[in-house]
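There are 2 protein chains.
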Amino acid sequence: MLTIYHGANTRSVRVIWLAEELGLSYEIKTIKFLEKEHKEPAYLAINPLGKLPAIQDGDLHLYESGAICDYLIAKAGATNLEPERGTSDYGLCRQWVYFAEATLMASIGAIAQHTMLRPEEDRIPQVRDEAIESTAKGLSILEAALKDKEYLCGDTFSLADIMTGYDLHLANMFGQVTDAYPNLKAYQARLSARPGFQKAVA
Amino acid sequence: MLTIYHGANTRSVRVIWLAEELGLSYEIKTIKFLEKEHKEPAYLAINPLGKLPAIQDGDLHLYESGAICDYLIAKAGATNLEPERGTSDYGLCRQWVYFAEATLMASIGAIAQHTMLRPEEDRIPQVRDEAIESTAKGLSILEAALKDKEYLCGDTFSLADIMTGYDLHLANMFGQVTDAYPNLKAYQARLSARPGFQKAVA
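So the sequence lines, in the order shown, correspond to chains U and A. Following our numbering, the numbering of the first sequence begins with 1 at its first residue and continues without gaps. Following our numbering, the numbering of the second sequence begins with 1 at its first residue and continues without gaps.
The set of hints was computed from the structure by calculation and includes no laboratory data. Being a predicted model, the structure only gives us computed values, none of them experimental. Each hint can be trusted.
Repeated chains share a single entry, so a pair holds when one copy, or any two copies, can fit it.
Taking lysine-lysine pairs in the PhoX-like style, the calculated list, with each CA pair at most 20 Å apart, reads: (1) K185 - K137; (2) K39 - K29; (3) K185 - K149; (4) K137 - K36; (5) K199 - K29; (6) K39 - K137; (7) K147 - K137.
Use the sequences and the hints to build the structure in full.
Structure follows, in structure tokens:
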């Protein structure tokens, strides 16, 4: 049985969403984020970063949401969630996967930290302002990439959309997905309508 | 012909190193980072983030170093640079790939920004100090993971080592890889001895 360690609105949303899209059986262990359960020794033994998500699959413990998604897709064998390996479309899909996690989420995460998560005395206005600016840059790049496209890798929903859809979910919570991004808003509406997404954020 | 857009000591080190390990033919286009050539329109048309690396492979342009590496490995077909897809070892290898880029490099990059790259008036001491602390935490996790192991994914050199080896190269430049990490220092020595690494940082 696959166990997904989950916290509301954390990157574990991606993993549950993917598990739903793949039709996997799984159980959820909810870690109480606001009560700092993710910083307690029992959870740190599973993920020493003290972040969500993590999974257990048999004897294997894994963390890093992107890695968990890559692992679950590879383990599932042939799926329609990535273009054929080694093609140009595959390369572009990988680009958006890393863009979502290593680039855009870094900025959105800094907005979250410096407007909400940290105690007020630890928030740095300059960091918040720079994060808002770099988030806007990232969203503009996605807005251009989505011109005349249903999904980031073309006509087919893929892992890149799961990775990015979580970013947009969070960016929207922080008021960053404005009417300045019509392609992005329509795209987000398409993603939000998927049952897997709805289950992951429920 | 594969073209790699390169800047000294940027993440393009990973791409050149991987191309060497795979025995690929490639040409390097050097972007003068300190002269801000990566912020000029010609380069922004290739990578709108204005960051290095990017590649051109036929008609395909790609950015995000992790994505470029995944693409080149997938295109090469069977290689010994990743464990068999879908296995536990594959999952762990993916974990270290994302850990290197999405987690540890975020901290090391903040050290670089707030001690060297930014104009002095834009540097924030609190950000620098927090980045040094989170870098130390990341290095400690790697130190523990490397106990009794030659490489991150076991006895075999893999993509995870290329992704992480670049992090260590940079962290070492900033004085963060201290004697407190004996496993890490021995590991870094093994990685630095590889001809592909030496070519990439030459």
